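Chains as they are written, first to last, in our numbering: chain A, 1 to 161; chain B, 1 to 161; chain C, 1 to 161; chain D, 1 to 161.
No wet-lab data here; the hints were simulated from the structure.
All of these numbers come straight from a predicted model, not from anything done at the bench.
Hints are supplied without guarantee of correctness; some may be wrong.
Remember, identical chains collapse to one label, so a pair may be satisfied in a single copy or spanning two.
[Claimed, not checked] Computed list of lysine-lysine pairs in DSS-like fashion (alpha-carbon distance at most 30 Å, straight line):
hint : residue 1 : residue 2
1    : Lys153    : Lys80
2    : Lys2      : Lys153
3    : Lys154    : Lys10
4    : Lys80     : Lys154
5    : Lys10     : Lys153
6    : Lys10     : Lys49
There are 4 protein chains.
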Amino acid sequence: MKELVINLLKQRGVKLRSIAEIAYDLQSPYNPGLTLEDCIISVEQVFEKREVQHTILTGLALDKMAEEDNLEEPLATIIKTDEPLYGIDESLAMTIANIYGTIGVTSFGYLDKKKTGIIEELDSSEGRVDTFLDDIVAGIASAASARLAHQLKKEEQAEIS
Amino acid sequence: MKELVINLLKQRGVKLRSIAEIAYDLQSPYNPGLTLEDCIISVEQVFEKREVQHTILTGLALDKMAEEDNLEEPLATIIKTDEPLYGIDESLAMTIANIYGTIGVTSFGYLDKKKTGIIEELDSSEGRVDTFLDDIVAGIASAASARLAHQLKKEEQAEIS
Amino acid sequence: MKELVINLLKQRGVKLRSIAEIAYDLQSPYNPGLTLEDCIISVEQVFEKREVQHTILTGLALDKMAEEDNLEEPLATIIKTDEPLYGIDESLAMTIANIYGTIGVTSFGYLDKKKTGIIEELDSSEGRVDTFLDDIVAGIASAASARLAHQLKKEEQAEIS
Amino acid sequence: MKELVINLLKQRGVKLRSIAEIAYDLQSPYNPGLTLEDCIISVEQVFEKREVQHTILTGLALDKMAEEDNLEEPLATIIKTDEPLYGIDESLAMTIANIYGTIGVTSFGYLDKKKTGIIEELDSSEGRVDTFLDDIVAGIASAASARLAHQLKKEEQAEIS
Numbered sequence: 001m002k003e004l005v006i007n008l009l010k011q012r013g014v015k016l017r018s019i020a021e022i023a024y025d026l027q028s029p030y031n032p033g034l035t036l037e038d039c040i041i042s043v044e045q046v047f048e049k050r051e052v053q054h055t056i057l058t059g060l061a062l063d064k065m066a067e068e069d070n071l072e073e074p075l076a077t078i079i080k081t082d083e084p085l086y087g088i089d090e091s092l093a094m095t096i097a098n099i100y101g102t103i104g105v106t107s108f109g110y111l112d113k114k115k116t117g118i119i120e121e122l123d124s125s126e127g128r129v130d131t132f133l134d135d136i137v138a139g140i141a142s143a144a145s146a147r148l149a150h151q152l153k154k155e156e157q158a159e160i161s
Numbered sequence: 001m002k003e004l005v006i007n008l009l010k011q012r013g014v015k016l017r018s019i020a021e022i023a024y025d026l027q028s029p030y031n032p033g034l035t036l037e038d039c040i041i042s043v044e045q046v047f048e049k050r051e052v053q054h055t056i057l058t059g060l061a062l063d064k065m066a067e068e069d070n071l072e073e074p075l076a077t078i079i080k081t082d083e084p085l086y087g088i089d090e091s092l093a094m095t096i097a098n099i100y101g102t103i104g105v106t107s108f109g110y111l112d113k114k115k116t117g118i119i120e121e122l123d124s125s126e127g128r129v130d131t132f133l134d135d136i137v138a139g140i141a142s143a144a145s146a147r148l149a150h151q152l153k154k155e156e157q158a159e160i161s
Numbered sequence: 001m002k003e004l005v006i007n008l009l010k011q012r013g014v015k016l017r018s019i020a021e022i023a024y025d026l027q028s029p030y031n032p033g034l035t036l037e038d039c040i041i042s043v044e045q046v047f048e049k050r051e052v053q054h055t056i057l058t059g060l061a062l063d064k065m066a067e068e069d070n071l072e073e074p075l076a077t078i079i080k081t082d083e084p085l086y087g088i089d090e091s092l093a094m095t096i097a098n099i100y101g102t103i104g105v106t107s108f109g110y111l112d113k114k115k116t117g118i119i120e121e122l123d124s125s126e127g128r129v130d131t132f133l134d135d136i137v138a139g140i141a142s143a144a145s146a147r148l149a150h151q152l153k154k155e156e157q158a159e160i161s
Numbered sequence: 001m002k003e004l005v006i007n008l009l010k011q012r013g014v015k016l017r018s019i020a021e022i023a024y025d026l027q028s029p030y031n032p033g034l035t036l037e038d039c040i041i042s043v044e045q046v047f048e049k050r051e052v053q054h055t056i057l058t059g060l061a062l063d064k065m066a067e068e069d070n071l072e073e074p075l076a077t078i079i080k081t082d083e084p085l086y087g088i089d090e091s092l093a094m095t096i097a098n099i100y101g102t103i104g105v106t107s108f109g110y111l112d113k114k115k116t117g118i119i120e121e122l123d124s125s126e127g128r129v130d131t132f133l134d135d136i137v138a139g140i141a142s143a144a145s146a147r148l149a150h151q152l153k154k155e156e157q158a159e160i161s
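With the rest of the complex left out, here is chain A:
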C-alpha cells in the first residue's frame, strides 16, 4: 500500500522529494548536519504508517470526488472553494502530523500559515481541487521533521552517556 499512496501523490503532482524539502526547511535550523537525503529517508518512514496511508487515500478521494463533481451540495462547494471554516482537511492532516508527538502538530500549524514550497503551489492551483492534498503534504512534512528531531535527541544523549 505504501507504493500505492506514493504513486497517488505523484499523480497529483507531489513528489516525495518536494515533501522532503519542506521537512528540511523545518528541521535544518536545529540540526546543522542534516542533509536532504536524511529527510527523504524520514518521509519514506512516515509513509510506512498505516494511519498515514489511510488518511492519504481518504483525503485524495474527497478531492477527486469534488473535482469530478460527484459530491452533493453543500459539501461540493465547501470542498471546491476550500471554505475557510471547513476544518476537516486540517483535522485529518493533523492525525499524520501528530504521529511523532506535539512537535509535529506545531510544525503543521506553522506550515498551514506560511504555506512554503510545494504547499503554496497546491494551495493556489487553478481548475483543480487540492483542498485535502495541501494539508496532507504539510502533515507528512511535519511528521518527517518531528521524527528527525526525536532522532537527533537520541544521538545527543548517546554521546553524553
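Use these hints to put chains B, C and D onto chain A, whose structure you have.
What follows is chains B, C and D alone, placed relative to chain A:
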C-alpha cells in the same frame, strides 16, 4: 444547514430522538433529575455547531460513495468492510465528541466498545455502508452528554454561591 | 475563578491586553474592521471556560514548583530548561487552543515557531521558569483569534441571507 | 529514564504486570492466541517512549504535591477531590493512549468509564491522591493494547501475501 444535516441522518435511519436516548443513558447516572427532553435539547445544540455539520456531511458522503461503488480500491473495500485498523471514522467523530472537552472523548470511547442503542443496529446493518454513520452518532451523543455534564456543574455552583 | 486566573497571569507579568494584541495580529489580516477592543472581549470570553482555567492553574503551578526548586529530578531540570522534546506544555496549551476548533490549533503552531509579542519576552526571561506560561499565552491568543474567525463568518452569512 | 518511571509507578503501588493484565483484558477478545507475556512486552515498549516518560513524571509530581499539601488553592482541592470536570488528568493520559492511534483513545475512554483491575483500586484509594495515576495507568494499558492490535494485523497480512 442544521436542518439539512438532521434530515440527512433521518434518511439514513437515525432520528434525533435515538441519539438523545444514548446521551440519556450516558448522563442519567450522574444526573438524577435528567429527562429525555433535556437530552433532545442538548443534541439540538450540538447540531448548531458548524464543525459538527461539516463532519456529518463529509462522513455520510464517504459512506454513500462506498455504498454506490464510487470509490476506488483499496479504499472502497476498507470502508465497506469497516476495516478494524481504519481509524479515520473514529478520528472524525472524535472531533465532534471533543467539542465540550475531554468528558466527551471518554464517553465516545465507551460507546465505541459497548455500541448501545441505535449504534448497535447501525454497526450490524446488512447491505448498507454505515462505517462513518455509527461513529458520528456516538460522537454527537457523547458531545450532548458532555454538554449536560458541564451545565449540571454550573447549576450546582450557582446554588452554592 | 475567572478573576483568580487573570490575576495569576498578571502576577507573572502577563496582562490580558498583551494576549489580546497577539490575537489581533493573528486575526486582523482576515478581518479589516477588527479592533483591539474586540480582541480584549474575545480573550475575556476564553477565560470564562473552565477547561482554560484548569489548564492555567495546573501549568502555572508546575512553573512555580520548578522555580522554587520543589520538583524532583529529572523533572526539575526538564522544566527549568524547557527541554525541547518535553511536549507536555504544548499538549496542555493545545487543549486551550482547540476550544474553538482546528483554526486555533494551527494558529498555536504558528505562534510556537514565531514567538511574537509577549511570548518572545517570556520565552527568554532569565532567572524565572515560564515553560508552561509562554505556551498558555499562545493557547489563549489562538483560541481568542479562532473565536473571532467563527464570529466574522456568522456575520457574513447573516448579511447574505 | 525508563527504569526510573517504572520504579516511580511501583512506589505508588502499580506493577508493570497489573498494567499488562488490563491490556490483556482489552485485547484478548480479538486475539485468541494472546498471552500475558505478550502484554508485558508490549507495556515495556510503551515505557520506551519519551512522551510517556514525561507524562508519568509530570502527572505523578502533581499527585504528590497535592498529597503533601504543597499546592495552592483552588488547585489543591480540585486535584485532591478529583473534581469531575477537571479534565487535565484525562488530557495528559490521552497523549499516551494516542501514541498508537485512535484505537488507543477509544480503549482509554472505555477504561475511564469501566475502571477495571488496578484502576478501580487506585480510583477509590483513601488518604492518597491518585488523580493522575489512575488515568496514566489506563493510558499505558490502552497504548499497549493498541500496539498489539496493529501487530496482529501485520502478521495477518504477512500470512496472506
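Results of checking the hints against the structure:
1. Lys153 x Lys80: between (41 Å within a copy, 18 Å between copies)
2. Lys2 x Lys153: both (27 Å within a copy, 16 Å between copies)
3. Lys154 x Lys10: between (33 Å within a copy, 26 Å between copies)
4. Lys80 x Lys154: Classified as between: cross-chain Cα gap 20 Å, same-chain 43 Å, threshold 30 Å.
5. Lys10 x Lys153: between (32 Å within a copy, 28 Å between copies)
6. Lys10 x Lys49: For lysine 10 and lysine 49, the Cα distance is within 30 Å only inside one copy (18 Å; across copies 33 Å).
Consistency with the previously given hints is maintained throughout, with no hint failing.
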